[in-house]
Structure formats: structure tokens, C-alpha cells
Amino acid sequence: MSELNFSAPIEDRRRVTIRIVVLQVLLGVSFTVLAFSFWYFQVVQNAKYEELAANNHQRTIALRAPRGVMFDREGRPIVENRSSFSISIVREHTKDLNRTVRMLSEVAGLDPKWVQGEVNKHRREPTYQPIVIVNDASMAQVASVMARRLDTELPDVLVQEVPTRQYPVDEVAAHLFGYVGEASEGDVTSQGVQSGDIIGKSGVERVYNKLLMGEDGARRVVVNSVGREIRTLEEIQPSEGRRVELTIDMDLQRAAEEGFKAAGFNGAAVILDPNSGEVLTFTSLPAFNPNDFASGINTTVWNALNTDKQKPLMNRAIQGTYSPGSTFKIVVATAALEEGIITPDFRVSCGGGATFFGRYFHCWKKGGHGSINLPHAIEQSCNVFFYTVGNMVGVDRIHKWATLLGLGEKTGIDLPNEVSGLVPSTEWKKARTGEKWYAGETISVSIGQGQVSITPVSLAVMMATVANGGTRYVPHLLKAIDEGNGKGWKPVPPPPPKSKVVLKKETVEAIHNGLFLVVNGAGTGGRARIVGKDVSGKTGTAQVISLTGGRQAMGRTDRDLRDHGWFVFFAPRDNPQIAGVIFAEHAEHGASAAPIAKHVMETFFAKKEGKPLPKLNMPAPIPDPEGRTPEPIPVAPPPAGTIAGMN
Amino acid sequence: MFERRLYHHLDWLLLGATIVLCFIGVAMIYSTTGSTNPRLAMTQVYAMLIGIVAFMVCLTIDYRALTDKSHFVYLVLLGLLIYVLVFGTTAGGARRWISLGVFNLQPSEFAKVGVALVLAKFFGENRRGNPTTGDLFIGGILAAVPLVLIAKEPDLGTAVTILPIFLGIAYVAGMRMRILGILLGVAIVAAPIAWNFALKDYQKGRIETFLDPSQDPKGAGYQQIQAQITVGSGGLTGKGFRKGTQGQLRFLPVAHNDFIFSVLAEEQGFVGVLAVLSLYLFVIWRSLEAARLAKDRLGVYLVMGLLASFTFQVIYNITMSAGLAPVKGLTLPLMSYGGSSMIATLATFGLVQNVRMRRFTN
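For the protein sequence lines, the chains are A and B, in the order given.
Sequential numbering of the first sequence, starting at 1, is according to the numbering used here.
Sequential numbering of the second sequence, starting at 1, is according to the numbering used here.
None of these hints come from the bench; they were simulated from the model.
Keep in mind that a hint or two might mislead.
[Said to hold, decoys possible] Simulated crosslink set (PhoX-like; lysine-lysine; CA at most 20 Å straight-line):
#1 LYS239(B) / LYS48(A)
#2 LYS430(A) / LYS400(A)
#3 LYS152(B) / LYS204(B)
#4 LYS200(B) / LYS69(B)
#5 LYS200(B) / LYS48(A)
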């Protein structure tokens, strides 16, 4: 081998050695640099990269807790949950957002522009947060999206099963239940909920949101690079919201709403147990369909609800303030008797009108009522009697008793955004206008006009307070809460009464008699009469505009200017078990509201006695009166037990 | 040809370190692909066995005899490279393989050995001391032909590994440092010109993305970012064998291949990284010793040529594994999945040991 000419020993070995040593030094430096780089990444910056790695492969999927089921007082479920599917985009896993939007739109049959708009709305949120595109997706949508997901064509699209609120389909008690929606930024700060949570936005859903909401669970899963779930790391089951029992009786609730529907009125009804303040029926019409909100309301429906002239989103029972009309005479009578200003035998002579402080005030009855005492003055709704008595009592004592009976203040019902009515006083006027109260103003107040305004719910409280002899209960809706974990139902103690006076026996007797006669005598409430149940009540008219102004305004505006009708009631007279108010919007007569009350009471008593639920018999509407009068024309009482004008 | 006494001069430590690296590689391949494709780790083991046979063959034949015939080896390999360009098996848009039924042969991996042999012979025959410009030119051509052929496949990564062979041999052959400086100067001047005229847009994009991976986190920067996450999340002691998430769940593409070192870093942590870095350093260092101790120029050049390519590939791949270099299809010799590379690399070390072992023979 040595003969090979190129294999001779190296002459310049020294140079070779130096060059190799140089290389060895360079090599050592390179490897040291590499080692330091790895040390820097792996040890110094480890926490940062560990988090990035976790974000890469772990996905936390929120498991929405079903909200607590609501039951009525008889344990019937009324607001429940159903399963629905939502389709979302998780941008964290998106490679090409435009493509995803295009494909999802195509697959689910959506407008790509709209989908892009939904994505844009949530652009600022963290990318791991799913952006919900379709709520309550159809089975066809779910199927076609899932098929694409399996092909890994849409790894960034998430289909989730979510519990969705299910309300009665016929909008029953919509204003009572309220509705749910995604927490707004304001809710997040004020209520300590999280962005994306579904929370109660109105009604019972809102007031008892904390109870009903439950706790969302979560599933932490490992996903691979195409978004497929590999395994579950941890699963925290959602815990369902607390089940609650409401004081509502759905039979009565439906009876009231059927009554309104048959009569063709909008309005409100609040019906209470006068001995506890439990709300048996609560309605405000027109209503909305809470199911529309359950999986995110769409803009068209929301705008329609907001611009509707009939204001379906307004809860008339607690947010509408109206003049109480003649129903206020009950307050004036109570004040006069309790203050000892008159006795039940006190008589006033009505000649169809009277002059006070130089101004002539009409009674609704042209010829007058003649000499009349308190029970009959209530029966006949004699204005002159109450002008006279109101004048004697004075506005401040009227204010005092109105307050004790529940008017002019919030009732404290457990519903959001209740407003307070107004019963004027000298102090109020002074504070408000700086002016002195004129005694002449008291005359209008005495028949529930002038500045008096009240909410339907407060009028129901007034009626219940008069019925029970002076205890002003707080109307409330929550009867019991399921403790959960098998501990069973725990009754919720009723809120303490707002005030308690013991009305004199003679006061109660005189007023109850008067109210009894309204329904069972020659009064205006004959349409609420139930044989053997001693229904007692009072009609009233809430003027929409003043008498003289009204004439001028008629026909010049498209607003409905017809008066509202009131009917307040309780039964039976001597042992009241049910009390409440029917507010019939633009019904013109309180008498028109009475049949609705009657249907509710019939249902109530039938249930009590174990009889089948009564069928609704709606009498023919009262013909339009010729001239506008402060009080509707009383109808002749029909023969007991039969109803004129079957429909 | 082979004498028993030569055994005493075999560098057993070097051989041991080489084999240990191969086994670590197999373990990492198993870790990332064991659950989805358990065949890969086995294939690698078979390649290793064939590689050991290649090692022994390269050890047995005296390197001087082998180098003497190197022009044949060179021509055969050029033929194979041309054959691949015409009849090769296509995968992933590149023609790199010759299908042999049981397995695919990647001639470009063997081309490196061929180029090292032929350049060692060429510079070794030169007895005039320092290589002249003419020598360097001819040597450059010898290296450029296979380089261009491989680049045509296209396999830019492997093609680039030919270059260090030439530079390594020219360097120890005594190429004037001035020439090296000139080459460097030309490269610096040429870079902006190449940027403006020679590079295609996607190539520019790649470089831009390397400089700022966050520019294109879902596209070209993706691998680089994922590599960094993989390495960084490993920590001091790692997530444990088969417990990595980046490699296991395929956030890191071709983890068993180009990014095998990232997987090691993720699962075995900085401790594992240090161990493997030390092994590579040891292997290269000991091989340099073999070059230093070589009996003749031919031996020095042969070892240097082979080692330059190997070292370049190791350093580049490890740098890339940490997201510190642009992602190129460059494997980590001895550890990455790939039969041809395994066999060719073990053959390389056969030749290195060959030179060392015969340092006392004539």
C-alpha cells in the first residue's frame, strides 16, 4: 500500500494540527452556545413556554348549568329546560378565518356576511373563547357541520349541546317569569357573573338569578393539532340551579289571561292571598314570548318588541301608573271612618253635584243620589258623598291612609323595576312646587283623580289590606326553594308586612258591605257576582286625558284615548281568601274588567271545592256610552246564577 | 486486508457513543410514533443493523484502497442521482428516492460519502503544498455537480450539506485564509444581490418569517414557533418518555424526523439535551482526534470531509430544533428517522475509525 503516491506522511503536520485545534475550539464554543440557548429556553423561560404548550393542546369547554326549574304552588313545573345545540367558531384553531366563515355559512345555510358580522362583534375577545354563530341549531345544521368536522375540514367549529330555557308556549305569565340573556358588560361588573354567562334579565329570572343560575361545569380536554379531542383531563359537572316553587297558581294565571283574551283587552292582573301577600296570579298584557330570548334573541324580534306601540316589554302591573278613579273612594272611606270624622251612618245629600271653594263639581248621576250613607255611597259610587267626606278628611290624612293601605309607595314585590305611584300631600306639593296645597285640590283627589296615580300591583295590595282588616303585606312570588342534595323543599318565610293597623270593626263592616253591594246590589260590579261567594269589589275608571282636553284631542291623534277600566275585588266578604285587581286597558268601564275577575274567582273556588275547572263565559261587551262620564253607567244586575249575553 | 491486531486501535468509546445516539434516536422515534405507526421505530432498528454492517465494511477495506477507487464510487453515485431525477419515487413534491421494493434508497445521503472520498483523493494527490486557486476550482466543481443534482430533486437541505465537505477538506489542505476571507466577502456582497434578483418570493418569505415568526404564525412561522414551544415547555427534566404534548399531539410537524431533537428536549428536558449534546460533542471531538492522528494527508482529508458535513448537519439541526434557525428539511444524523441517512452515517464512522485504526500501518 505504501506505493500509493498520495499516502506519504504529512510534511506539514504542524499546520494541520493547528487548523484542527482551531476547529476544536470553534466546536467547543458552538456547543457551549447551543447549551446556553437550550438552558435559556428550557429553564429561564420555561413557564412561558409551558403555558403556550398548555394553550396549544388543552381546551376548556364550558358545560352550561341548566337553570333551576320553576314550579307553581301546586308543584307543577312551569319553566323548564330543554336541550339545544349551538354552533360556534373557536378562532384559536382557525387557520383561515375567511374560509371557515365561507364553509360554515354554506354548510349551515347562513349568510356569510352575517356570520362575518357575528365574528367581528367578538373580535376583541380571547381567541379560545367560542363565538356562538348559531343558537338552537336545527338537526340538519348540526348533522352537516358534524360531518365536516369529522373530515377535519372545520376543526375550529364547535358544536355543543346546551340546556336552554323552556317557557310555556302561549306566553303565559311572560312578565312574571321574565327572560334570560347573555350577561352584558355591565352585568359582569355589577353582578359578578362572567362574560358569556346566561343570566336572568327581567322578571323572576332576574330577581332570583343567583338561585336559579346554578354553576357551570367545565371539561378540560386534550386536543391534537387538528382539534380532535384525544382525552378528557378533568370534568367538573355543572350543577343545576336551585329549583324554586312560586306562589303562582297556574290555573288562576291561565284563567286570568284567557279572560283578557276573550274580552279583547290588554292590561294587567294581580291577584293575592289577602292573608299572606302570596301572589296567585300576575299578568301584564300584551306580553312577549320568553322563548324568543332563551337562545339569544334575534335583532328583528327585539326591534319589533321595542318599537311596538303597545309596549309589550312594559310590565304594566308594576311599571304602569294610572289614575285609580273610583277605586280610591275605598281609601277615602277608610280614612274618614278610622279618623273618626264620620260614622257609617253619616249621610250626604247628593243633588247631582255640589259647590266647593267656589267651583261646581258634578256627580256622575245627573239627577243625584239623594240622601246617601257610606255603604250605599260606595255601592252607587256617589261622587258628591266622597267630595264632601274627602274635604272633611283633608289631603294629608287621605295620604296617610292611602300609604297605610299600600298606595303611593312601592309594594316591594320581588320583581325588578317596580315604580312607585303617587298620592299627593301638602308636604309633597311644597317640596315639589314650593306652593301651598289648595283645599280645592282635595276634592278631585277624593274620587281618585287629580294627581293621584297608582300601579296595578299597589291597588291589589290596597284591596288585600282592606280585605284582611289592615295588614299591608308585601306581595311575593317565592314560596319554597329546593335545598338540593335530597334535603327537600324549604319554605321561604314571607317578607314582614310593610305596616299593620287594626281597622275598627265598624270600618271593615261598612266598607265590606258597600263593596258587597257594588257586586250584589245595584252597583257596577254585577258581572263579578258568584252565587254563594259574596264577591265584593269596586269598579273605577282611569281617565287617559282630562275631560275637556279629551274632547279636543279626540280624533287628532292616533293614540288610543279611551279610558281604562279598573276592578278591585275580594271574596268572600266575611272571610276573604282572594283579593286583587284587574286593570283593563282602554276598556272604558271598570265593569268590563269584572268578568275576568269573576272567571279567576270561579276557578279559585272550584279548585277549593274539588270541582272541575269552570269554563269561561264572557258576557257581551258593554255598549259605548253616549257621552263621556266620570263613571261608567251601571248595568242592571243579572239574575243570580245566570249570565246575560253568552259568547 | 483486515488484521486482528487492528482491533486494538479501534476507538471503542467513539463507537459506543455513536451507537448510544442511535438508540436514543430510536427511543424518541418510538415515543412520537409508537401509538400511531409502531412500524417506524422497528424500521429504524433494521436500518441501524444494516448501518452496522456498512460500518464494518467501511472499516475493513483499507481507506487508501477505497479512496483509490473513489472516482468509480463518485461516478456511480452521480449516475444514481441522475437516475433519481428521472425515475425516482416522488413524495411530498420531491423526487429523492429509488424504490427498492422493501425500502427506499436516498442516494443523496450516500453522495456525501462519495464526495468526501473523491475530494480527499483529489486534494491528497496534490503534493505542491497549499492548494492553488485552480485546485480549489476543480475541487469546487467536483462538489458542485452532485450538489446541483440534489438541489434539483429538490432537496436543498441535503444539497447544502455537500458544501461543508469541500470547505472542510480545503481548509485542512491549507487553503489560504485569505481565500476564505474573499469567499466570505463575496458572500456578503452577493447576499443583497441574491435577495433582489435570485431569490424567489417564497424563499424571501421564509427568511422574513424566520426573522419574525409571529408575522405568519399559522403559516411558515408555525413550525418555528411550535419548535420553540416544544423545547421551552420541556423544562429542566422534561415531561417524561411519551408524555410530551407537542410531539405526541402533532403540533410539531415531522417530529420523528427533522424535529427529533425538539422531542428529546420536550420529554427529557434540559438534562437530556445536555446529555445528547455532550455525546455529539464527544463523537465529533474524537473524530477530529482521528483526523489529527491520521497517518497521511489522505486520512486527514477524508475524516475532515466526512466530519464537516456531519458537524454542520448536527449543529444546524439542533439550532433549528430550538427555533433559532430557519426550518429546512435537514435531519439530525444518527437520531432522525431515515434509513439511508442512518446507513450512510454509520458508514461514515466506519471510515473515520478506519483512518484512526490504520494510523500505524503502512
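Evaluation of the provided hints:
no. : hint                  : verdict
1   : LYS239(B) / LYS48(A)  : 15 Å, holds
2   : LYS430(A) / LYS400(A) : 16 Å, holds
3   : LYS152(B) / LYS204(B) : 19 Å, holds
4   : LYS200(B) / LYS69(B)  : 40 Å, violated
5   : LYS200(B) / LYS48(A)  : 35 Å, violated
Violated hints for the displayed structure, listed by number in ascending order: 4, 5.
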